[in-house]
Amino acid sequence: MAPPDQLSKLAIVPAYNEGDMIARVVREIHRHAPDFDVVVVDDGSADDTARVAEAEGAALIRHPFNLGIGGAVQSGYKYALRNGYDVAIQVDGDGQHKPAHIHDLLESLQTAGDEADMVYGSRFRGDPGYKVPLGRRVGNMIFSVVLTAITRQRITDPTSGFRMTNRRGIELFARDYPHDYPEVEALLMLHAHRLRVHEVPVRMNARGFGRSSIDYPRSAYYMAKVMLALFIGLFRRRPTPVE
Amino acid sequence: MTWSELGSALPLAAEGINSRVQIAAVIVTAVMFGIVLELVRRRRLVERYALLWMILALTLLALAVWTGLLTSATELVGIAVPSNGLFLAAFGVAFVLLLHFSVATSRLSEETKVLAQEVARLDAELRAARGASINGSAEPAAIVGGDAEDPAHEPPVAPEKPTQ
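Heads up: the protein sequence lines correspond to chains A and B, in order.
For the first sequence, the residue numbers in my numbering are 1 to 243.
For the second sequence, the residue numbers in my numbering are 1001 to 1164.
So that you can see chain B by itself, here it is in the shape it has in the complex:
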């Protein structure tokens, strides 16, 4: 978002209270952009989510600056009061985001479980190997909980799509 774009967009706005709302929206968007970019710069946020939040901020800005946009969009869907359309859309977006994060959290907890199990398996193998070398046995002791085949080649988690 550049200042020249804002400059050309703002005169479209009606005078008075409406343009004050628009200025507020521009400031909110700018602050949101600043926060998101700074979070990415500090590596607190990955680019994937940064892009998402930036798109949301831009949508907000577009709706605030082009007042006709919201009205015609709500008319198109058949909602009488434009602000109701906005609330509905905002609720929908929030709902989808929450669902997405629930899915992401579920995957993370599944992956954490698999990691813990892998570490535990390695720990068991290491103990078994240590025990074997202390006892002077040439063969490493049986792997705790492992099957006789070759545990290293068990296919890992269920075949999943790449995480990206």
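Same shape as in the complex, but just chain A:
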């Protein structure tokens, strides 16, 4: 890969009703990673997310209605592909991810002789930075064990959405990305396509307003859905739909 200053880099910020947080997120990215362009994907928000994002100088993709996190992130990757970006990073619009880590991820993506196609920030390689609720820890641990077994590589935080990809990852995700709760399945897709994954220890913030998208009744569905998807993913020779 070319030296970092010659690469065009994009931060994809999916946001759904984050009018209160989005300005801070965009500003923090500009401050810590001024070499990254920012595109906010407003996933059909009913508040002023789109207006605030544009006022902060971010490019804006506005969905006419809510598609869910998978659709929002994929819109970002399609934008990255179309505009020829070499590197794209996902930064959640709720302020959970710290833009201060962006360059840690970039460094790991480009480690000479040990390049990765996707690098993600793991909360469980060190201090997570906040108290991760027990239920999430347990769920995360189960996915971690399953994915580590499948990929034969230590995956400590498969639900982390703080991830950076190179061109190959952008192309893959622009073409195909899971609908809901996409993070775990996306790791399996990368593995199936022989893309290399690294993880980097990061700290995260507790979610902006504690309004996690996953409450108790949904977590059972979450587990079942992702497990089924992982299981079926093993039987897909080419996990990409025929267009």
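Warning: the hint list may mix true and false statements.
Covered stretches of chain B, as calculated for chain A (at least 3 residues, CB under 8 Å) [claimed, not checked]:
1. 1044-1052
2. 1106-1115
3. 1118-1132
Heads up, incomplete: computed chain A residues facing chain B, CB under 8 Å, no partners named [claimed, not checked]:
4. PRO64
5. TYR216
6. LYS225
7. LEU228
8. ALA229
9. ARG236
Everything labelled a hint here was simulated from the structure, so no lab data went into it.
A virtual CB, placed ideally from N, CA and C, is assigned to each residue, including glycine.
Use these hints to put chain B onto chain A, whose structure you have.
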């Protein structure tokens, strides 16, 4: 569903015609599972509905294998003939499913309408912009049907719950 589970469940069944029904139920369930999983693998069915159908198949299997289950369940509700209880339950499930799909279809048609309107709006803006550049005017022409404010920031559809 594993074969070892079936093996341990089947001997519970009474001999004769009853166990034949049970074998049939096991086969039907297995076929249903196979079809559902294959549909997901081919991306014709999303996991959400696959899980639903798998739960239904498992319920069917449970009722067929544990004959006492249906009897005691219908007794509990006060239905004299167990098979009537089964028909009632099946009808109820089918009804709820149909209602759910009606709701889902309504949402889809609403979303399709919004998409068509968005495309039409973009088309109008594009024409207006083209017209403006042909006329050599610096200002893009007024947006057809748009209000003077900033149409891009109209809140989209009514605030709805996330689709998942």
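Against the structure, the hints:
no.	hint	in the structure
1	1044-1052	holds (count 5)
2	1106-1115	holds (count 3)
3	1118-1132	violated (count 1)
4	PRO64	holds (5 Å)
5	TYR216	violated (15 Å)
6	LYS225	holds (5 Å)
7	LEU228	holds (5 Å)
8	ALA229	holds (5 Å)
9	ARG236	holds (6 Å)
The structure does not agree with the numbered hints 3, 5 stated previously, though it agrees with the rest.
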